[in-house]
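Sequence lines, in order, name chains A and B.
The opening residue of the first sequence carries number 1 in my numbering; numbering runs sequentially from there.
The opening residue of the second sequence carries number 278 in my numbering; numbering runs sequentially from there.
Simulated from the structure, these hints should not be mistaken for lab results.
Do not take every clue at face value.
Stretch-level coverage of chain A by chain B, calculated; a stretch enters the list once three of its residues show a Cβ under 8 Å from a Cβ in chain B [what the hints assert, rightly or not]:
#1 4-16
#2 19-33
#3 114-128
#4 131-145
#5 195-201
#6 239-246
#7 259-272
The calculated EDC-like cross-link candidates involving lysine to aspartate or glutamate, where the alpha carbons are at most 20 Å apart (straight line), are [claimed, not checked]:
#8 A:Lys152 to B:Glu300
#9 A:Lys152 to B:Glu452
#10 A:Lys6 to B:Glu382
#11 B:Lys462 to A:Glu7
#12 A:Lys169 to B:Glu296
#13 A:Lys90 to B:Asp570
#14 B:Lys462 to A:Glu3
#15 B:Lys472 to A:Glu3
#16 A:Lys90 to B:Glu300
#17 B:Lys393 to A:Glu149
#18 A:Lys169 to B:Glu300
#19 B:Lys472 to A:Glu7
#20 B:Lys485 to B:Glu452
Computed from the model, here is a short list of chain B residues facing chain A with C-beta under 10 Å [said to hold, decoys possible]:
#21 Glu300
#22 Val312
#23 Val383
#24 Ser394
#25 Ser401
#26 Val500
#27 Glu502
#28 Met536
#29 Met538
Glycine included, every Cβ here is placed at the ideal spot set by N, Cα and C.
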Amino acid sequence: MTETTKERVVFFALGVPMVMCLIVFFWIVAILSSGAGTLNFAMLTTSALQGGLFEMIVGTIYLLLGAAGVAGPIGILAAVYLVEYAPSGKITRIIDQAINNLAGVPSIVIGLFGFAFFTTQLGFGRSLAAGWLTLSLMMLPIVIRGTEEALKLVPPSFQEASLALGTTKWRAITATTLPSAAPGIVTSVILGIARVAGETAAILFTSCVLITRGLPKSPFEPIMALAYNMFVRIVAIGDPAESVFGIALVLFLIVAVFAVIAIVIRTYYRRRQPWLR
Amino acid sequence: MSKRNIRKTIFHVFSRIKEQPIELVLFLCASFSIVILFLMLLFVASEGALAFSNFGLDFIIGQVWDTNAGLYGAFPLIFSSVMVSMGALAIAIPLGLGTSIFITEVVPFSIRDIIKSIIELLASIPSVIYGFIGIIFLIPAIASVFGIYSGYTALAASLLLAIMAVPTIVGVSGETLSAVPKDYKEASLALGATKLQTLRHVILPIAKSGILASVMLGFGRAVGETVAVLMVVGNRAQIPVPPWNFLNPVYPITSVIAMQMGEASLYSEEYSALFGLGLILFIFTFIVNTIADIVVRREGKVGGRKK
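Please take these sequences and the hints and turn them into a complete structure.
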């Protein structure tokens, strides 16, 4: 066998796994969309007390926005420190390592911690606030890594030009680096949201209940969420899986919308900002 | 106020902040992750301490987990976790590495981004939905293919976990593959080597440790995955006979915690046993992730320049 045929055979063999991954993805989408029949528009705005999904959808959105509100600012500032200020030394390395380790903590352990710390120790109870904080811990590493990436892509000459005009470093960062990196930063926050949108294990003990009377009136009340509802109905109550098809589809759509928005923003700005090419 | 004015005001507020304090604030935000990790270890360990002091070594090597009988031997659970994750890796490694090599070396640049985005979407699908798909499709399929009564088996969990670990493996190994300096590749091609020879003798040796790290991270993900596994794994605390029989139901650590936390009363024996399991999980994934990190860092030195 000549080297070229060998090459063709091997590369073809390597292509098979990729095609399989794509097939699995589209096939999952196909299975989920086959449940579209069980869903109608009225269900989205009907209260859960009457068999609708309204409180679950709003509850999920509440959870996500709150978690992003906590993890977003902290994550962005942390990334600014790591990219712009951090001296290359031992402390920086430990911080870096800690972020990686936090990203690797299993969600159920984050849930246990959230229960022991936010729910019990701080006395938040099973509540929206406890869910925000717990989920924000899962979002944080994603936001930090994404923002770091975006900041590193901004050419140093932007900041240098600003510094040369006599500005301070922080002012140079806020005036040049952050605005230039803004699309990338927004993308990383949205990706963070997409990644935790369907998280179940972390909110299992910290913030969700199966049914509430209307929407929560304060952050210290428990809430309903799509993922939790799906999970408990199948696992604890023993409903047939087919009965939660609608919830699964709505949850998937929410996740997909966030993920696609993030990807579109990234691709669009990569084309528009010439220095990213 | 016009848009421009608002922007100007925000800019002024930001830029007035003095340099020193802002650097401190930024540093505190960055060290937040350390604080959280430390708190996590502290709380999970202190709640789980009772289990270790009550049952001693039996908590880890004990063969029977039966909360009704007050028996807390986590060995079958640890075995289940490792078994299911190993099974997942056996499928995910060829799938993930094949995909990432194919994407970086063969796929033309123009569609590379699209395929990467789809893999990224695969990572965003919530685990409860994977579990749902498992119940709807995988469980009946396994039952009919192998002619067994119930499809709720270790195999079902391994298959789902494999799909969930692929994006991690593709992401990390793809990153190292594309970080291999271009001139190494070009030098090899210029000497008349084929793309395949270049891949085998130049690219893979440099990216070796990054690939290893990606597999370890995938393993860490698989061990820590909860909801999808719990929904299809059958949840029976036993070691299969023979131990490699993937057509048996098992009961991984994560599933036990999620299933039993709800009924454990605060600070009871069961409660602390579940936190003890959490501690085992935390330490295990911490070690796996740290080793993966060290491997990647060492590669940064051996591989010479990064791009």
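Checking each numbered hint in turn, tell me which of them this model violates, lowest number first.
Going through the list in order, the structure violates no hint and respects every one.
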